[in-house]
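Asks: Sequence:
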Amino acid sequence: MSDHENAPIVTLTDAAKHFGPVRALDGVSLSVSLGDCIGLVGHNGAGKSTLVNLINGGLAPSSGKIAFAQGQTAFGAGVRSVFQELSLCANLTVAENLRIAHSALNGFGWRRRARAEIRASLDAVFPGHGIDPDAEVGTLSIAERQMVEIAIGFASRGSEARLVILDEPTSALDAAIARQLLAHVKQFCANGGAVVFISHMLGEVFEVASRIVVLKDGKVVAERPTPEFTRAGLVDAMGHVAAESGGVATARRDFGPEVVRTDQGLSARRGEIVGLSGLAGHGQAAALARLFLSRSSAWHAGKTPDVVFVAGDRPRDGVLPLWSILRNISISILRNDATRGMVNRQAEAAVAKDWKTRIGIRTDDVTNPVLSLSGGNQQKVLFARALASPAPVVIMDDPMRGVDVGTKQDVYAMIRAEAARGRTFLWYSTETEEICQCDRVFVFRNHAISAELNGTDITEEKILEASFEMREAS
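Per our numbering, the sequence shown runs over residues 1 to 474.
Calculated directly from the structure, the hints in this document are not laboratory data. Be aware that a few hints might be false.
Cβ pair distances, simulated, as ranges [to be verified]:
hint, residue 1, residue 2, range
1, Ala116, Phe19, 19 to 29 Å
2, Lys353, Pro21, 37 to 47 Å
3, Glu258, Ala120, 28 to 38 Å
List time: in silico SDA-like cross-link candidates among lysine to any residue, alpha-carbon distance up to 25 Å [as the list claims (entries may be wrong)]:
hint, residue 1, residue 2
4, Lys408, Ile333
5, Lys186, Arg162
6, Lys462, Glu434
7, Lys186, Thr226
8, Lys408, Ala420
9, Lys216, Gly192
10, Lys65, Asp123
11, Lys216, Pro369
12, Lys65, Gly35
13, Lys353, Arg327
14, Lys408, Glu461
15, Lys219, Gly192
Everything numeric in this text was worked out from a predicted model, so none of it was measured. We put the beta carbon where it would ideally sit given N, CA and C, even for glycine.
Turn these sequences into a full structure, and let the hints steer you where they fit.
Replies: Here it is as structure tokens:
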């Protein structure tokens with residue numbers, strides 16, 4: 001390689017970013033060279049997204065320096081970003097979304113070229129994807145949208161990608177599709193590209209990263225080659241020692257009467273944690289949506305709703321972006337303490353303060369806008385909203401997307417405690433590890449239940465078997 005090829009793509013020297021009194025990033029020095037795959041880890045609010053936006057040119061540093069190869073800009077250096085909060089335009093097709101990121105794609109026949117380019121990138125990253133380049137993004141599942149955004153990140157777009165930043169890229173993908181992406185990342189780096197890989201799924205970080213950088217409170221607290229870390233050591237460096245196997249269903253429990261039964265065959269008993277599994281996009285989310293809508297009033301909500309919903313797709317189904325953290329939490333319980341239709345502001349503030357502490361929402365003031373929080377902390381707000389409600393049935397649509405390992409353990413503990421008090425959970429997850437911790441699991445394939453697993457039958461092998469091969473009804 002020439003000296004230019006050996007030079008780092010980007011170098012940060014004591015880079016800091018302050019938002020008023022908040023030090024989102026506090027003096028980070030880091031370099032990324034061709035062939036690197038850097039695993040960037042840290043709890044929600046540690047500064048990962050701010051660091052990404054400094055590298056990709058979305059933010060300018062408050063102090064310190066950022067330099068790109070040969071004095072170029074981030075764009076000129078071939079830096080691409082795939083964000084945790086998906087940025088596709090729902091009313092445009094897959095190919096048209098590529099055009100937004102590819103300004104040179106114009107003139108007569110640009111749609112034909114766009115279709116060919118995005119199809120080639122999807123084929124390279126996700127063989128057998130089945131996504132139509134002419135499909136409107138709004139008609140795609142969240143997993144398919146994430147696949148499209150990743151494919152756009154790796155697409156040629158007139159100049160080859162040299163550094164691709166992947167922020168929680170597998171959060172909506174099932175295990176089989178995630179493996180395709182991890183294989184592509186390793187091949188991309190082996191061919192001379194570079195990746196910054198951000199994930200709370202530490203097994204994926206260990207699989208693909210050549211070097212791991214740990215952020216805590218806006219500072220790099222550890223950085224060394226991946227083989228020099230253990231999982232326990234990495235979690236300890238992040239500042240929260242989480243149990244390796246802290247599951248939801250730790251022991252056999254006695255459940256109450258059946259409280260959920262759908263025409264599709266999905267059922268749940270009082271106090272039971274029921275998992276929905278299978279390949280992404282095979283009807284799990286739709287089944288939960290139908291259940292929620294069938295048990296919710298379209299025009300009037302009582303003081304005790306029958307069901308409550310925790311969304312995994314935060315921007316579309318979860319946060320109320322113009323409201324404060326407090327209002328996003330309290331909307332589920334405003335009627336509970338209201339007098340003659342008047343909201344009890346003191347009780348509302350007390351509930352928000354209590355859940356801020358219980359679930360560890362990282363903010364100094366719950367009256368701050370909800371969008372001031374990191375993605376993982378926004379997800380905590382959605383959990384707080386649901387669990388503060390008195391609803392006996394909690395429906396969760398892949399709710400752990402982008403949530404750090406420490407927070408997951410805290411949420412698992414809350415789920416266990418709420419289930420022990422008689423609350424019922426229906427929990428769709430793309431993470432097999434989480435599904436294996438449920439009391440009972442329904443596996444979906446082609447929008448139908450292909451298997452019902454109980455007890456010791458809830459294993460990754462049996463879930464995968466039922467995901468790929470429809471079992472005959474017994």
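Asks: Next step is simple, just say for each hint if it's right about the structure.
Replies: Taking the hints in turn, this is what the structure says about them:
1. Distance hint for Ala116 and Phe19: a CB-CB separation of about 42 Å, inconsistent with the stated range 19 to 29 Å.
2. Range check, Lys353 to Pro21: Cβ separation about 21 Å, and the 37 to 47 Å hint is violated.
3. At about 50 Å, the beta-carbon gap between Glu258 and Ala120 misses the expected band of 28 to 38 Å.
4. For the suggested pair Lys408 and Ile333, the alpha carbons sit about 24 Å apart, so the restraint of at most 25 Å is met.
5. Restraint check: the Cα-Cα separation between Lys186 and Arg162 comes to about 14 Å, which is no more than 25 Å; the hinted pair holds.
6. The straight-line distance between the Cα atoms of Lys462 and Glu434 is roughly 15 Å, inside the 25 Å bound, and the hint therefore holds.
7. Distance check on the hinted pair: Lys186 and Thr226 sit about 14 Å apart at the alpha-carbon level, within 25 Å; holds.
8. Restraint check for Lys408 and Ala420: satisfied, since their Cα atoms lie roughly 18 Å apart, inside the 25 Å limit.
9. A hinted pair counts as satisfied when its Cα atoms are at most 25 Å apart, and Lys216 with Gly192 does not qualify at roughly 29 Å.
10. Our distance criterion of 25 Å between C-alpha atoms is broken by Lys65 and Asp123, whose separation comes to about 38 Å.
11. At most 25 Å may separate the alpha-carbon atoms for a hinted pair to count; Lys216 and Pro369 meet this at roughly 23 Å.
12. For the given pair, Lys65 sits about 23 Å from Gly35 by alpha-carbon distance, which is consistent with the 25 Å threshold.
13. Of the pairs offered as hints, the one joining Lys353 and Arg327 holds, with about 12 Å between alpha carbons and a cut-off of 25 Å not exceeded.
14. A distance of roughly 23 Å separates the Cα atoms of Lys408 and Glu461; the hinted pair therefore holds under the 25 Å criterion.
15. Distance hint between Lys219 and Gly192 is unfulfilled; the C-alpha atoms sit about 28 Å from each other, more than 25 Å.
Of the numbered hints listed earlier, those contradicted by the structure are 1, 2, 3, 9, 10, 15.
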